[in-house]
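Construct the entire structure; sequences and hints are all you get.
Line by line, the protein sequences are chains A, B, C and D.
Residue 1227 is where the first sequence starts when you use our numbering, and the numbers rise one by one after that.
Residue 15 is where the second sequence starts when you use our numbering, and the numbers rise one by one after that.
Residue 774 is where the third sequence starts when you use our numbering, and the numbers rise one by one after that.
Residue 23 is where the fourth sequence starts when you use our numbering, and the numbers rise one by one after that.
Careful, some of the hints might be misleading.
Per the computed footprint, the stretches of chain D lying under chain C, defined by three or more beta-carbons under 8 Å from a beta-carbon of chain C, are [as the list claims (entries may be wrong)]:
1) 70–82
2) 254–268
3) 491–498
Simulated pairs of lysine-lysine, DSS-like, Cα-Cα distance not exceeding 25 Å [said to hold, decoys possible]:
4) Lys142(D) to Lys858(C)
5) Lys944(C) to Lys55(D)
6) Lys171(D) to Lys65(D)
7) Lys858(C) to Lys94(D)
8) Lys858(C) to Lys224(D)
9) Lys171(D) to Lys156(D)
10) Lys224(D) to Lys249(D)
11) Lys55(D) to Lys373(D)
12) Lys94(D) to Lys248(D)
13) Lys1416(A) to Lys776(C)
14) Lys1416(A) to Lys777(C)
15) Lys78(B) to Lys897(C)
16) Lys1262(A) to Lys78(B)
17) Lys97(B) to Lys897(C)
18) Lys65(D) to Lys159(D)
19) Lys145(B) to Lys161(B)
20) Lys897(C) to Lys1262(A)
21) Lys858(C) to Lys65(D)
22) Lys464(D) to Lys248(D)
23) Lys858(C) to Lys139(D)
24) Lys412(D) to Lys373(D)
Bear in mind the hints are in silico, worked out from the structure with no lab data behind them.
Built from N, CA and C at the ideal position, the CB exists for glycine as well.
Each chain, written out:
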Amino acid sequence: MKNRQKELAELHQRRLEDGNGPVSAFRADLFRMFRKNRAAALSVLVILLLILAAVFAPVLTPYSYDDMDLGNRLSPPSAAHLLGTDEGGRDILTRLLYGARISLLIGVVPTVVSILIGAALGTIAGWRGGITDTVIMRLADIVLAFPSMLLAMVIMFTLGDGLVNVFLTLALLNWAAVARVVRAETLRLKNTEYIEAARAIGVSGPVMLLRHILPNCLPTLIVLFTLNVPAAILTESSLSFLGMGIQPPSASWGLMVNAGKNYLYSAPWICAAPGLIIMVAVLAFNFLGDGLRDALDPHQKNR
Amino acid sequence: MEQNTLEISHLTVSFPTDRGGFRPVNDVSLTVRKGQIVGLVGESGCGKSMTARAVMGLIRSPGKVTGGQILLEGKDLLALNGKEMRSLRGNELAMVFQDPMTSLNPVVPVGKQVEEAILLHRRVSREEARKRTLEAFRNVGISEAEKRSRSYPHELSGGLRQRVMIAMAMVCCPRLLIADEPTTALDVIMEAQILQLMRQMRDRGTSILFISHNLGVIAQLCDYTCVMYAGRIAEQGDTRELFERPVHPYTRGLLGAVSSLDRKGEELETIRGSVPAPGSLPAGCPFGPRCGLCDETCRGACPEPREISPGHIVRCFHAGEVPV
Amino acid sequence: MKKKLLSRLGQSLIALLGVALLLFLMLRVVPGNPAAVMMGEHGDNAAIARMTAELGLDQPILTQFFRYIGDCFTGNFGTSYSLSKPVAELMGGAFLNTLWLALAAALFAWILGIACGVIAAVRKNGILDHLFMGVSLMGVSIPVFLTAMILQYFIAFRLHWLPIAGMDGWKSFILPAIALGWNSAGSVARLVRSTLLDILQEDYIDTARAKGRSQLGVLVFHALRNAMLPVVTMMALQLSGLLSGAVITETMFSINGIGRLAVQAISGRDIPLLQGTVLFSTAVVILGNLGADLLYTVLDPRIRKGGGPQ
Amino acid sequence: MKRFFAVLICLCLLGSCAAAAGAEDGLLRTAVKYDITTMDVAKTSDDYLIPMNVFDRLFETRLVNGNPSVEKSLCTDYTVSADGLTYDFTIRGGVVFSNGSALTASDVQYTFERLLKINKQNTDIAVEVSGSDKVLKGEAETLSGFTVKDDTHFSVTLTEPNAGFPAELSSPAMSIVDRETMSAGFGTVPAETIGSGPYVVKEWAVNDHYTLEYNSKYWGTAPSVKKLIVSVVADDSVQNMKFLSGELDMIDLQNQDSAIVASTYKMDPKYSSRIVSTRKVGMYFLALNNTSGALSNTKVRRAVAMAVDVDDLIRNLYNGDAIRETGAIPTGIWGHNADLKPVAFDPEGAKALLKEAGYSEGQIRFEIALDSSVPSTVANMCYAVSSRLKAVGIAAEVKTYEHAAWLEKRSSGTMECFVARWGMDYNDPANILYTFFGTEEKTRQRSINYQDKDIIARVAKARAIVDDSARLAEYRALENKLIGEDMAWVPLLQDMHLYCLGDRVESFTPHWAGFADFYAADVVLKK
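Below, the structure is given as structure tokens:
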């Protein structure tokens, strides 16, 4: 703890000298992290690029994601189609850009939802203990124990395909793991001195969770976020393998990789493009996660 | 005359950082004679622990020893290769650390950890090692040694754990014991017992290099004391003479800041300013900016150690003068 | 210790019952009448109605539920609708294959994972560190079926080193183990690396070196022993995950495992087979989690005596 | 660390020799995508390989210079009564089942009765015998219309005349089983599945493989293949790799994308000469629910037909391996009308017709339901149809359903539009017309919902016309009304079934109707 306090003071001092207001610990860490950890900075750039590509997809490409040109199916990258065409004669670059919308949403939305549910239930279970803890944890055990692919299939069969159902499925699959981690973290925090001190001065339950427990879980939650986002994108491609998830003609990276699988040796570019983009996204999220965790985790001795 | 246990001359340890290197230990020389306890005292961050680690060869990368000589009974430790150094560590040369809570392996019974020290340096059977461990426990005053040796670190009190550390260090009868603030984490009663133990070891011929920031402990225990400031030894000398007739302004400032019964009611002196950051030492004498006697010569160059009386060495141009 | 064990077992049973209940409700909600699926393209509605009655699916929900729970406890899951073979027999064969695949994948993942993790930690920020961490990230970012396909094409098809697919002899389990294990190896390596880096900063490492331990000795006897605690828990969870069947790897390598059987059961709305496979793999996962907790308390003395985080 | 990799490398080298396992002679190795579910033909209408190879039938249908012809097999001679109701059969004597039990006329009777008692699948032929309704209801143990004279002679009386009866007796459903040694494990336990055909079932490992071996007691000529191993390989690319590396002797290219078939097999001289293709007797059609919304209007259905470019589908999705279909009776089936003209691809004409029918741009919306388990070529067909219809202002979105959910929606009669295929079981138009337009319940259950009641009645009655030319004329008239006038569905195409033969196979004659299941006896291995 000591050297971080000193660094903060140092930064604080410098900010005061050049007339800015006091610097909040959070922003100072981010500022310092980006200066020090170039990989994290680069990954933020990459993620921004992906988001921009997703948003400006219609502008960037003449085709629409479902234009089928059966005449030149499976044609290699050419001037007309920079990344070639897939088995339905659709332009791969266009589908990649439109796919970015769905895949990033699939990566982010269910992960955020599952982390919110998981964190809430996890802290409550950890803090209250007793019956609530057992009930929540047994519920989590059930979801964790149930073979995830089967659970996904049952949900998708019942509700049918479509983006919202994929969100629901992925959120349902992931919340239990988050809850379990957050509960363990809450238990650990519960018997640290400063929590007992806060309890001693009469801080009430909900305030305790929001002001003291959750902020300390932040580094873990951020790491979970950056690990689960790429995992969600990949799970979607497994869902496509089993015939669920996003269905053509709409596009997502996972779907494209799965659709291209059978053509791996006759038309490898169908898999290569989405496969590479997924890898780039995974690396970006992971480096960002590592960077954030190191920056925000106070007792993280520098690696 | 008799061989000195430890002779450190002009030792320098440097750490490369992106803002140019810095030297936590800068041209340090001191000697520990056989059966003598030498104290190394100073504020945190002055380099005393780093000096101890240099002797043990435990400097963690990216830092490394970049100058000087360390003689253990005439052998230069810096010239030894890894294997030779390892055969000394725990055998001829041992160390005890500050925080007993974290210095023992949490998942291994304490008895086993001490046996390990024996088995590393003595070709004896496991059974013999067990016997010596129990004996070592008894020497350091651990009651019910048999039961204690089977328990895990988290099942023992702080004092007991420190005794285990000392037993572990002493089990191979090392020539030199380095104790890095062994009592800082203990309460007063435990501290007294540990110091008593140290005196017994000294009487049995073990030389001890005792590191602490607590002047009171140093005064009670050490025969000879060195005061460190910003990587250098500001003043060293016989403990009694040093405490009664400090000549270096920093030593005086330190002693002035210590409250004691016979100076009840007097204003405690404080030393203005704060310890310079490791990388940005002022030109000339490091204590200059905080020193009442500081003048051009002090700012010009860093004073060399001068022996103003037998065994009493000081790094100051105006040693002994009293500010006007 | 006994009391904690019993309460954990009790909770696991409740979880298993919960899964059975959840499965029963799901099967009533999922569209597609099992009888219709069995009759396939040619079945007409009259035949389907007759089949529904024969399977007892037209009885009131409650009677079906109690018969279902009765089956679960007595362990007889009856005969599979589509394969008209006893479910237990089908699962027996399938589980053996899944067991071999899981063990092979786990072995590959752990040996590679721990080795890479240790080397990456020791050579922190060196070339090997970035190389191994990069490879482990690759494992996480390529879908399993793509890894399987690439392995099959180059190693099996082009080089003829190993059989492409099928289950003849131990050699046909090497490639599936690599494809399935690579992902787990990645997470093990990353965990070993970060835990080891934490532990190497601890004071008792300095004590060990001060005792005269060599760098390797410190690593093996002191650092790894402590680093293994969280890693072993992750490995136990991974193993129980693998044991509940890896649908994609089994499909790609034509291994008749529990995962594939379960997917076949749900696509064919084969209720007895589905009950059997799901309850079986759930029981395996729950036992795995239980094992992981117990293993943790055995390995970490700090928890064994006192309560400690569960 | 280096030691570890060295061990791994030599471990693999050691294994290299075993990969391409040597194949003893007389062995044929093939693969299928999905395992069979049962060996009992009374319980399945999909898994026909074992019934076809392990059992005999009274007749067999073979391709004779391109046309299916019904040949005698167990039956050596038969006569039909004047009113077409009664058939007198003589069967081959001295035929035994693989367990030595004799095959007699009473076994044939037992086969008919067993189908009716189980009453799960393939009962539509046994139902035609008089007295079948009593057996179905359990009121009678035996079929009144079936009289056994002696071991090799029996006669069958139908409830109404059906000239296609001998052709129906050649379908796998009518495989003769043994009355005396029938046991509970029949159809699930290999040793208890006893037939009189050229092969016996040696073993069946679920989801892995099944093995057939030559039946030494077989009455017919010994086939070239003495042992058949069919392994279950779910992934198409893995099947390709196993075939190209010599682990399979024959590969069924039905599920593969035509582009892969073209690049991997057609373009490669080593294999291009070894491709066997046969007509898959049946047809793909775009089903339009005649009662849902705008599709109930004949003009709209015709506009849909005009908007879809079938030739483009054949050229690009089937790489030319398909022929266009124009009516309801597929090519290769007796009664097919070759000079029915296809609907010309005319998007502008379609738009005009839609306006004429009173529908503006984008006003017509319906859903094309796609079964997720169909091959990718069929899925691409749906997407192609959808984008063609969008071009003429019809908003037809493709929605994917899981197989069971798709089946349920279709059987409920509410599915608006879907691409489907009907494969012919026997060589008679009734097999398709009666199934889709035979009764109001049947057409509703297939989500066609054809509305013209007296046409439905005529389709049912047409089966009973004994005189071939009269029956032909009636079927032709019905086809003209159903498709020509009412466009009940949009006929698409009939695809070919392609196989590729390995080095060890001399020749192969596929099933006459292009089934994936084949007679192992029709494969000749190189010596």
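Evaluation of the provided hints:
Given as covered by chain C, the region 70–82 of chain D fails the check, having 0 residues with a CB less than 8 Å from a CB of that chain where 3 are the minimum. Coverage of a stretch by a chain is defined here by at least three residues with a beta carbon nearer than 8 Å to that chain's beta carbons; for the region 254–268 of chain D and chain C the count is 10, and the condition holds. Coverage of a stretch by a chain is defined here by at least three residues with a beta carbon nearer than 8 Å to that chain's beta carbons; for the region 491–498 of chain D and chain C the count is 0, and the condition is violated. About 17 Å separates the Cα atoms of Lys142(D) and Lys858(C), which keeps this hinted pair within 25 Å; it holds.
With a CA separation close to 23 Å, the supplied pair Lys944(C) and Lys55(D) stays within the 25 Å bound. Annotation: proposed proximity of Lys171(D) to Lys65(D) is violated, straight-line Cα distance about 30 Å (limit 25 Å). Between Lys858(C) and Lys94(D) the CA atoms are separated by roughly 36 Å; this puts the pair beyond 25 Å, and the hint is violated. For the proposed pair Lys858(C) and Lys224(D), the alpha carbon gap of about 17 Å is at most 25 Å, so the pair holds.
For the hint linking Lys171(D) to Lys156(D), the alpha-carbon distance of about 22 Å falls within 25 Å, and the restraint holds. Proximity of Lys224(D) to Lys249(D) is assessed by CA-CA distance (about 9 Å); at most 25 Å being required, the pair is judged to hold. A C-alpha spacing of about 42 Å is found between Lys55(D) and Lys373(D), which places the hinted pair above 25 Å, so the restraint is violated. Annotation: proposed proximity of Lys94(D) to Lys248(D) holds, straight-line Cα distance about 24 Å (limit 25 Å).
Taken as a hint, the Lys1416(A) and Lys776(C) pair is honoured in the structure, with Cα atoms around 24 Å apart against an allowance of 25 Å. Between Lys1416(A) and Lys777(C) the CA atoms are separated by roughly 21 Å; this keeps the pair inside 25 Å, and the hint holds. Between Lys78(B) and Lys897(C), the direct Cα distance comes to roughly 18 Å. Compliance with the 25 Å bound is thereby established for this hinted pair. Taking the CA atoms of Lys1262(A) and Lys78(B), the gap is about 24 Å. The hint holds against a cut of 25 Å.
Between Lys97(B) and Lys897(C) the alpha-carbon distance is near 23 Å, which keeps this suggested pair within the 25 Å criterion. Proposed proximity of Lys65(D) and Lys159(D) is supported: the alpha carbons are some 18 Å apart, at most 25 Å. For the proposed pair Lys145(B) and Lys161(B), the alpha carbon gap of about 13 Å is at most 25 Å, so the pair holds. Taken as a hint, the Lys897(C) and Lys1262(A) pair is honoured in the structure, with Cα atoms around 17 Å apart against an allowance of 25 Å.
At roughly 13 Å between alpha-carbon atoms, Lys858(C) and Lys65(D) fall within 25 Å of each other, so this suggested pair holds. In summary, the hint linking Lys464(D) to Lys248(D) is not supported, as the alpha carbons are separated by about 43 Å, beyond the 25 Å threshold. Note on Lys858(C) and Lys139(D): the hinted pairing holds, with a Cα-Cα distance of about 21 Å set against a maximum of 25 Å. With a C-alpha separation of about 11 Å, the suggested pair Lys412(D) and Lys373(D) falls inside the 25 Å cut-off, and the hint holds.
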